[in-house]
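Enquirer: Sequence:
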Amino acid sequence: MKKEYDFSKGERGKFYRPNAELNFPVYLDPEITKFIRNLTGEKDTDIETIVNDWLRKDIELIQTVR
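Our numbering numbers the first residue of the sequence shown as 1 and each following residue consecutively.
I should point out that these hints are in silico values taken from the structure, not numbers from a laboratory. One or more hints might be untrue.
Here are the computed lysine-lysine pairs in the DSS-like style, where the Cα-Cα straight-line distance is at most 30 angstroms [claimed, not checked]: (1) Lys14 x Lys2; (2) Lys34 x Lys14; (3) Lys14 x Lys3.
So the derived label-pair ranges between C-beta atoms look like this [what the hints assert, rightly or not]: (4) Lys2 x Glu42: 48 to 58 angstroms; (5) Pro25 x Thr45: 13 to 23 angstroms; (6) Val65 x Pro18: 32 to 42 angstroms.
C-beta atoms are modelled at their ideal positions from N, C-alpha and C, and glycine is treated no differently.
Put together the whole structure using the sequences plus the hints.
Expert: Printed below as a string of structure tokens:
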């Protein structure tokens with residue numbers, strides 16, 4: 001790394017996108033990943049759909065208990 005960088009020709013906000021969506025990675029334990037992959041094959045769907053369905057159901061349950 002340099003001790004100093006020249007930002008005099010930099011452009012503020014050049015890559016800023018106000019409506020950009022942030023998708024963050026979720027790292028699952030290996031046994032959970034294996035279980036979900038097997039389930040996706042049985043149900044002919046993708047991992048995102050299964051995990052989103054589970055999370056929606058969990059959210060509903062949590063809101064019901066409150």
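Enquirer: Next, verify each hint and record whether it holds.
Expert: Here's how the hints hold up against the structure:
A C-alpha spacing of about 23 angstroms is found between lysine 14 and lysine 2, which places the hinted pair at or below 30 angstroms, so the restraint holds. For the suggested pair lysine 34 and lysine 14, the alpha carbons sit about 41 angstroms apart, so the restraint of at most 30 angstroms is broken. Between lysine 14 and lysine 3 the CA atoms are separated by roughly 24 angstroms; this keeps the pair inside 30 angstroms, and the hint holds. In this structure the supplied range 48 to 58 angstroms holds for lysine 2 paired with glutamate 42, their Cβ-Cβ distance being about 54 angstroms.
One distance hint, 13 to 23 angstroms for the beta-carbon pair proline 25 and threonine 45, holds here, with the actual separation near 20 angstroms. At about 36 angstroms, the beta-carbon gap between valine 65 and proline 18 stays in the expected band of 32 to 42 angstroms.
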